[in-house]
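Heads up: the protein sequence lines correspond to chains B and H, in order.
Counted from 1, the first sequence has number 230 at position 112 by my numbering; the numbering is strictly sequential.
Counted from 1, the second sequence has number 66 at position 32 by my numbering; the numbering is strictly sequential.
Where hints are given, some of them may not hold.
Mimicking DSSO-like on lysine-lysine, the simulated pairs with C-alpha atoms at most 27 Å apart in a straight line are [claimed, not checked]:
#, chain 1, residue 1, chain 2, residue 2
1, B, Lys186, B, Lys155
2, B, Lys155, H, Lys87
3, B, Lys155, B, Lys172
4, B, Lys228, B, Lys155
5, B, Lys123, H, Lys91
6, B, Lys174, B, Lys155
7, H, Lys45, B, Lys189
8, B, Lys186, H, Lys45
9, B, Lys172, B, Lys189
10, B, Lys123, B, Lys174
11, B, Lys228, B, Lys174
12, B, Lys228, B, Lys123
Chain B side only, calculated, beta carbon under 8 Å to chain H, not exhaustive [to be verified]:
#, residue
13, Tyr150
14, Pro158
15, Glu160
16, Ile171
17, Thr181
18, Phe207
19, Lys218
20, Ile220
21, Phe221
22, Thr223
Over 10 Å on every C-beta distance to chain B, these chain H residues come out as not near it, computed from the model [as the list claims (entries may be wrong)]:
#, residue
23, Val46
24, His75
25, Val86
26, Gly97
27, Ser99
28, Thr111
29, Leu112
30, Glu113
31, Ala126
32, Ala135
33, Thr144
Rather than coming from a laboratory, the hints here were simulated on the basis of the structure.
We put the CB at the ideal spot given by N, CA and C, even for glycine.
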Amino acid sequence: DQQVKQNSPSLSVQEGRISILNCDYTNSMFDYFLWYKKYPAEGPTFLISISSIKDKNEDGRFTVFLNKSAKHLSLHIVPSQPGDSAVYFCAASRASGTYKYIFGTGTRLKVLA
Amino acid sequence: DAGITQSPRHKVTETGTPVTLRCHQTENHRYMYWYRQDPGHGLRLIHYSYGVKDTDKGEVSDGYSVSRSKTEDFLLTLESATSSQTSVYFCAISESEGTEAFFGQGTRLTVV
Chain B
119 DQQVKQNSPS LSVQEGRISI LNCDYTNSMF DYFLWYKKYP AEGPTFLISI SSIKDKNEDG
179 RFTVFLNKSA KHLSLHIVPS QPGDSAVYFC AASRASGTYK YIFGTGTRLK VLA
Chain H
35 DAGITQSPRH KVTETGTPVT LRCHQTENHR YMYWYRQDPG HGLRLIHYSY GVKDTDKGEV
95 SDGYSVSRSK TEDFLLTLES ATSSQTSVYF CAISESEGTE AFFGQGTRLT VV
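Let the sequences and hints guide you as you build the complete structure.
Next up, the structure:
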């Protein structure tokens, strides 16, 4: 039973345009969400997070939106750059209690120059 | 970069042999995790630790054991390696609940 789902395995976007990556979760106990970027042969690197008390968090070109009623979050990258081409993972956790992060299966983003 | 070192970085081993992967951190973070990454499955949690000698199972713990005898080291042992354990293994650390986790560079393990 997958608690965190990324239903799009891949996404291609033109340079300069917006990239939107989506993530759904099933466990209503999750209250802390994260996005990671991963390049080949490297470990995942943390991008941005959001607590369930917020519906939006912004950091430069990256914005995460959280819709708690739909159990859905999305990562917006504007403008997209070729260096953003990577696999993106969303993850969910609880801010207290379970100490662990549950990841989705990832979306491979390709930004076309 | 967070001070996380995984060793070895690459290993080829034979079916049935024991294998131990090491994760070493210099951040004094309380929580440590072992994940495996496989195509189509993303990152799956194997075991995690919330303090010295305090560990618990993750989603895919069968065939794996862990130990944490001191804050900085978290060991993952495959008691008897199988081909299904061929994967890339990542260690991660986090300071506290509700904060981000930082990952090591990974260990590519091949079981032949």
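>> Check the structure against each numbered hint from earlier and tell me which ones fail, lowest number first.
In response: 2, 7, 8, 14, 16, 17, 24, 31 and 32
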